[in-house]
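Chemist: Below are the chains, spelled out letter by letter.
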Amino acid sequence: EAGVAQSPRYKIIEKRQSVAFWCNPISGHATLYWYQQILGQGPKLLIQFQNNGVVDDSQLPKDRFSAERLKGVDSTLKIQPAKLEDSAVYLCASSSRSGTAAYEQYFGPGTRLTVT
Amino acid sequence: ELKVEQNPLFLSMQEGKNYTIYCNYSTTSDRLYWYRQDPGKSLESLFVLLSNGAVKQEGRLMASLDTKARLSTLHITAAVHDLSATYFCAVDSSNDMRFGAGTRLTVKP
Chain A
1 EAGVAQSPRY KIIEKRQSVA FWCNPISGHA TLYWYQQILG QGPKLLIQFQ
51 NNGVVDDSQL PKDRFSAERL KGVDSTLKIQ PAKLEDSAVY LCASSSRSGT
101 AAYEQYFGPG TRLTVT
Chain B
117 ELKVEQNPLF LSMQEGKNYT IYCNYSTTSD RLYWYRQDPG KSLESLFVLL
167 SNGAVKQEGR LMASLDTKAR LSTLHITAAV HDLSATYFCA VDSSNDMRFG
217 AGTRLTVKP
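Protein sequence lines correspond, in order, to chains A and B.
Under this note's numbering, the residues of the first sequence are numbered 1 to 116, in order.
Under this note's numbering, the residues of the second sequence are numbered 117 to 225, in order.
No lab work stands behind these hints: they were computed from the structure.
Among the chain A residues that face chain B by a calculated CB cut under 7 Å, a handful are: (1) G42; (2) P43; (3) L45; (4) V55; (5) D56; (6) Y103; (7) E104; (8) Q105; (9) F107; (10) P109.
So these bits of chain B aren't anywhere near chain A, every CB distance computed over 12 Å: (11) M178; (12) T183; (13) H197.
Ideal Cβ positions, reconstructed from N, Cα and C, are used throughout, including at glycine.
Isolated chain A (complex conformation):
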């Protein structure tokens, strides 16, 4: 079974530029999560999708961050314009609500963003 795929793995941009990250979850997983992990901290949930609907985006800075999950499969997270404090690893995870591994979240390798 293929894991969660993310791209790019690394990205360096200047402040005020825009950037987009892509995530392809495990096949059949209806729930998809985007997290931000700043160095030395625990991950922070940005947005959670159930199929193509948003379940929770209470911690998403909506003035600059946006995310979509068209067709309920892969997802993109965008930042526009980027700030220095957005430097972090962006993690995508997916889960299923059924089966023996119900609710277990599988994480992708992450995208390391550096804003200069």
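Please build the complex by placing chain B on the supplied structure of chain A, with the hints as guidance.
Modeler: The following block gives chain B in isolation, referenced to the frame of chain A:
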């Protein structure tokens, strides 16, 4: 607002010893998770605990959940060097998912 506190934040252990990491949270939970993260790597799921009294074990790690006390523990038995990593607990409360700050575990020979 849901708050998740882990302690200790740093733990240095000798091989062969036992220790427990604690995870306290502030509101009712639907699920509690434990993850492992190696330096520069992504997160690896260890346990998902769904109900009060749940206990799960994998190798030298055992996790338990007491929803009445809003407490989960991760117990390490006879630690080995390979267990050195950062361990996170996370709580899902009505789809509000919050992580603890992590416990950085170092196991020394």
